[in-house]
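Asker: Sequence:
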Amino acid sequence: MDERNRQQMILQMIRKEKIVAIVRGIPSGLILDTGRALADGGICMMEVTFDHSGPEGIRETLHSIALLKEHLSERMHIGAGTVLTAEEAEEAYRSGAEYIISPNVDRSVIEKTKELGLISMPGAFTPSEIVDAYNYGGDIIKLFPAGLLGVSYIKAVRGPLSHIPMAAVGGVTPENICQFTAAGVACFGIGSNLVNQSLTVSHDFENLTERALAFRNALGE
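In our numbering, the protein residues as written are 25 to 245.
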């Protein structure tokens, strides 16, 4: 599969599957069990966020991405999150990431992501940021924090910007996910409401699978 077709396949997969599990602060020693538990619950998109606490945190993030790519690539599409620099985007790509997610609009990160042949999901808050992120090459614009913005805000923004694919990230639950769907978002990034760090540390992966299933069921899948 050539680069362009692979990009389109990943983009279509994100929009079809709708849920990207956000994995933050999970040790690399637990990352495979976490990925398997999510996959067992019907989640096949997983974002490993960069740990910017120091060089060791960066290395741990990249190691987790590489482990998932090596051992779970048949069940899970792996992305890198909280990508703040073009250099991090390139390092994530080398480790096996297929899409790049950021909390902000940084043109250099977006352009590097597209140069590498990856899907770009920059984070935006205002209509101006959303348009800029899209014009710079963003494939899906991450609305963050969606829980604080609210469904009514997203509906209002979608009015004039309905041509721009958007993701709701932050504050999404099984109880409100369908409201965001009705507001017109293309997909969701779900963090602690799905991947709770305490569950993984306590090795309660069965509960994690149940949470994943709850989100799938809420979407009627």
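The hints are simulated quantities; they were obtained by calculation from the structure and are not laboratory data. Don't take every hint at face value.
Capping the alpha-carbon separation at 20 Å, the derived lysine to aspartate or glutamate pairs in EDC-like fashion look like this [to be verified]: (1) 40 - 57; (2) 40 - 135; (3) 93 - 115; (4) 93 - 57; (5) 93 - 130; (6) 138 - 156; (7) 179 - 153; (8) 93 - 114; (9) 138 - 228; (10) 93 - 75; (11) 93 - 26; (12) 138 - 234; (13) 138 - 153.
All values reported here derive from a predicted model rather than from experimental measurement.
Asker: If a hint holds in the structure, say so; if it doesn't, say that too.
Answerer: Evaluation of the provided hints:
no.	hint	verdict
1	40 - 57	violated, 24 Å
2	40 - 135	violated, 25 Å
3	93 - 115	holds, 14 Å
4	93 - 57	holds, 13 Å
5	93 - 130	violated, 26 Å
6	138 - 156	holds, 15 Å
7	179 - 153	holds, 16 Å
8	93 - 114	holds, 15 Å
9	138 - 228	violated, 37 Å
10	93 - 75	holds, 18 Å
11	93 - 26	holds, 19 Å
12	138 - 234	violated, 35 Å
13	138 - 153	holds, 18 Å
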